[in-house]
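Asker: Read off the chains here:
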Amino acid sequence: MFKYQFRWDTVWGSFDFLMGGLEMTLIISAITLVLAMAGGLIIALLDMSRFRALRWIGVSIGEVVRNTPILVQLLWVYYVLPIVFGVRIEGLVALIIGLALYQAAFISEVYRSGIQSVPKGHREAAQVLGLTPFQAFRRIVLPQAIRMTLPPLASNFVQLIKFSSLGAVISVSEITRRGMELSATNFRPLETFTFIAVVYFFICWPLAMAIRFWERRLQAR
Amino acid sequence: MSGTPFLLADSVTKRFGTNQVLTRVSLPVMERDVVCIVGPSGSGKTTLLRCFALLEAPSEGRIVMQGVPIATADPDRQVKNAARAVRSDIGMVFQHFNLWPHMSVLENLTEAPMLVKKMPKDEAVAIAEGLLKKVDLADKRDAYPARLSGGQQQRVAIARALAMSPKVLLFDEATSALDPELRREVLLVMRQLAQEGMTMLVVTHEMGFARHVGTRTVFMDRGEIVEEAPGAAFFDAPKTERAKRFLQQFEEE
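So the sequences go chain by chain: L and S. Quick note on numbering: the first sequence equals residues 4 to 224 in the working numbering. Quick note on numbering: the second sequence equals residues 1119 to 1371 in the working numbering.
Read the hints as simulated data drawn from the structure, not as lab findings. Each hint should be verified, as a subset may be incorrect.
[Claimed, not checked] Here are the computed lysine-lysine pairs in the BS3-like style, where the Cα-Cα straight-line distance is at most 27 Å:
1. S:LYS1258 <-> S:LYS1236
2. S:LYS1198 <-> S:LYS1285
3. S:LYS1198 <-> L:LYS123
4. L:LYS123 <-> S:LYS1258
5. L:LYS123 <-> S:LYS1235
6. S:LYS1357 <-> L:LYS123
7. S:LYS1235 <-> S:LYS1251
8. L:LYS123 <-> S:LYS1362
[Stated by the list, open to error] To be clear about the criterion: a stretch of chain L counts as covered by chain S if any three or more of its residues have a C-beta under 8 Å from a C-beta of chain S, and this derived list gives those stretches:
9. 11–21
10. 103–109
11. 171–179
[Said to hold, decoys possible] Facing chain L, a subset of chain S residues (Cβ under 7 Å, in silico):
12. PHE1124
13. ALA1171
14. SER1206
15. MET1210
16. HIS1214
17. ASN1216
18. TRP1218
19. HIS1220
20. LEU1224
21. ALA1230
22. LEU1233
23. VAL1234
24. MET1282
25. LYS1285
All C-beta atoms, glycine included, are put in the ideal place defined by N, C-alpha and C.
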């Protein structure tokens, strides 16, 4: 270790290759976040449904997804779904489906707590003034709930950036996968993976700090 | 008292699970009445008020407005329609104000008229500005509720209720959450409304208000109306032992 000769040039030489992977990572994370936000809404609506069967479906999806490892879920989507439906799924599609489902289960809880954070009295005030329950939800509850859910949603984006590295095991060409491929040819895992870790850190850390600041400002109101 | 009451609780019983909070309470409210409901905490006065506000459905009995039932234990379509029709005629002021924090003071006042009455914006704004002047908060129209003191928030809440031109206003311990020095400004507004002839139902611990502004005082204890007397009579000569004991607490203060 002490006599190790750093060869960072092996990393710089493949800078564009790795940055292309980073671009892929961010695109995957963004697409997945949008899908997970929609999926989370569906699960949240199922959870809060008036019908028991729908509530049961919503709760089951949430519990299964939250209580199995994300890696196993990805492998399951990638290898099992094709067997069941008889179609070949590309790694990229499998990754997006798997991650979106996983995040959706958490985001549904974010929505739920956002809605529950609005005091009941605000809705009652609306009701007494003659607003219908739907009007009260749209005008009074939702705008307040959305403000409360934005920081946690942003945190989910940070998590997605990190989780998308799991795409490497199902050959999705995001930055971690490209790092694996690079280190297999340059035989320089130390430089390669250190560089990749630094890249992840300097994307996720400022985001996380900004979110913390944002949450503190919301709480101060 | 003669004629049909403006608002009437007709033998209302309310249970939450096995906990019976109101037991066959009957209370008529005539037009221009200022009925003050007093009593120890847990006596059911807030629940009674919430039944009048249609926020709680009675377990038995009915709420009747000008002879028309608007709430029953098992409302049919007719009752539901009647309730919807008079919904905004019954205004309510809450203990914790319940202003909407994401809207400015002005928006708090214009929201319901525009949404429920489909009032054009400029008309709603004009009415809101007039009401803010009335509660002495014209300069706060663009402020957000969090920037106001408790007393100011409650006055905005009263103005918001008035913006729907209700025929009766319910006050649920409107000054209880306020520091003593902020209560006066709210009580003054309430007194002014009473003098203007607003029909009011006031759950309160403000004995001075009940005595001097109220036209009738209703004393509740353990889910029942124990005693009822016009204006100051209740305070000068309480008839029941329970009422005497209740009033004693305030003398000792």
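Asker: Which numbered hints turn out to be false for this structure?
Answerer: The structure conflicts with hints 6, 8, 9, 10, 11, 12, 20, 25, although it agrees with all the remaining ones.
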